[in-house]
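Novice: So for the sequence shown, this note's numbering puts the first residue at 3; every next one is plus one.
Fair warning: there could be bad hints in the mix.
[Unchecked claim] Computed list of lysine to aspartate or glutamate pairs in DMTMM-like fashion (alpha-carbon distance at most 20 Å, straight line):
#, residue 1, residue 2
1, K119, E166
2, K72, E83
3, K149, E183
4, K144, E125
5, K26, E82
6, K26, D162
7, K26, E187
8, K23, E197
9, K26, D97
10, K26, E166
11, K119, E83
12, K26, E183
13, K119, E172
14, K93, E125
15, K156, D97
16, K72, E82
17, K156, D80
18, K119, E139
19, K53, E172
By construction, these hints were calculated from the structure, which means they are not laboratory data.
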Amino acid sequence: MADNIVWHDHKITRAERSVNKNQKPCLLWFTGLSGSGKSTIANALDVALYKRGYHTFLLDGDNVRHGLCKDLGFSDDDREENIRRVGEVCKLFADAGLIVMSAFISPFTGDRRLVRKLFPAGEFIEVFMDTPLAICEERDPKGLYQKARSGQLKHFTGIDSPYEVPAHPEIRLDTSRHTVEECVESLIAYLLEREMIARKD
Numbered sequence: 003m004a005d006n007i008v009w010h011d012h013k014i015t016r017a018e019r020s021v022n023k024n025q026k027p028c029l030l031w032f033t034g035l036s037g038s039g040k041s042t043i044a045n046a047l048d049v050a051l052y053k054r055g056y057h058t059f060l061l062d063g064d065n066v067r068h069g070l071c072k073d074l075g076f077s078d079d080d081r082e083e084n085i086r087r088v089g090e091v092c093k094l095f096a097d098a099g100l101i102v103m104s105a106f107i108s109p110f111t112g113d114r115r116l117v118r119k120l121f122p123a124g125e126f127i128e129v130f131m132d133t134p135l136a137i138c139e140e141r142d143p144k145g146l147y148q149k150a151r152s153g154q155l156k157h158f159t160g161i162d163s164p165y166e167v168p169a170h171p172e173i174r175l176d177t178s179r180h181t182v183e184e185c186v187e188s189l190i191a192y193l194l195e196r197e198m199i200a201r202k203d
């Protein structure tokens, strides 16, 4: 089967699409425990960039499992495949010249490294939501920690399944110490500093 598949190069290049949008494509990969603020901050950044006229797309863990990955469970192998698929989709969006945000627990270092390798140097931005477990569990927005503690939910990250903390994330945010606005300001500042977006007067 693989012998019959041929890669077709596009006539419009990734770089040309990027110039047309007046931005540099990249992926901001939000990783952290459930309740750490991944989706909240990613959504707020998406809105902030949209209001500034940038072209973005946001992929959220729960949303993806309603469609692209609805056939996957939460075993280690299924989690790995979930992240692999998402990484490939993120790469396609970046090839279209977009600034992509993804919000996934993505607990394993190896899976995150696999996605990083899909992107040119500097375009994969790991955003570690470094919110303490106690705070995440106190928030428990979906009631999942309570279910995990009672034994109703197995293989839950942070309780009976490990979360491998990023060793060297590009950005580290703690939503127990910083507001949504402050987190977004930090992310915008990072993108400006690295000229992924342009300063607009």
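Novice: Next, verify each hint and record whether it holds.
Specialist: Status of each hint after checking the structure:
Pair hint K119 plus E166 holds up; C-alpha atoms about 18 Å apart against a cutoff of 20 Å. Distance hint between K72 and E83 is fulfilled; the C-alpha atoms sit about 12 Å from each other, no more than 20 Å. For the suggested pair K149 and E183, the alpha carbons sit about 31 Å apart, so the restraint of at most 20 Å is broken. At roughly 32 Å between alpha-carbon atoms, K144 and E125 are farther apart than 20 Å, so this suggested pair is violated.
For the hint linking K26 to E82, the alpha-carbon distance of about 28 Å lies beyond 20 Å, and the restraint is violated. Straight-line distance between C-alpha atoms of K26 and D162 comes to about 39 Å, which puts the hinted pair past the 20 Å bound. In summary, the hint linking K26 to E187 is supported, as the alpha carbons are separated by about 18 Å, within the 20 Å threshold. Our distance criterion of 20 Å between C-alpha atoms is met by K23 and E197, whose separation comes to about 14 Å.
Between the alpha carbons of K26 and D97 the distance comes to roughly 10 Å, so the proposed pair stays at or under 20 Å and holds. Taking the CA atoms of K26 and E166, the gap is near 29 Å; set against the 20 Å cutoff, the hint is violated. As the CA atoms of K119 and E83 are separated by approximately 16 Å, the hinted pair is consistent with the 20 Å bound. Proximity of K26 to E183 is assessed by CA-CA distance (about 23 Å); at most 20 Å being required, the pair is judged violated.
For the suggested pair K119 and E172, the alpha carbons sit about 15 Å apart, so the restraint of at most 20 Å is met. Pair hint K93 plus E125 holds up; C-alpha atoms about 10 Å apart against a cutoff of 20 Å. Pair hint K156 plus D97 does not hold up; C-alpha atoms about 37 Å apart against a cutoff of 20 Å. The straight-line distance between the Cα atoms of K72 and E82 is roughly 14 Å, inside the 20 Å bound, and the hint therefore holds.
Our distance criterion of 20 Å between C-alpha atoms is met by K156 and D80, whose separation comes to about 14 Å. A C-alpha spacing of about 32 Å is found between K119 and E139, which places the hinted pair above 20 Å, so the restraint is violated. Pair hint K53 plus E172 does not hold up; C-alpha atoms about 24 Å apart against a cutoff of 20 Å.
In this structure, the hints that do not hold are numbers 3, 4, 5, 6, 10, 12, 15, 18 and 19, in rising order.
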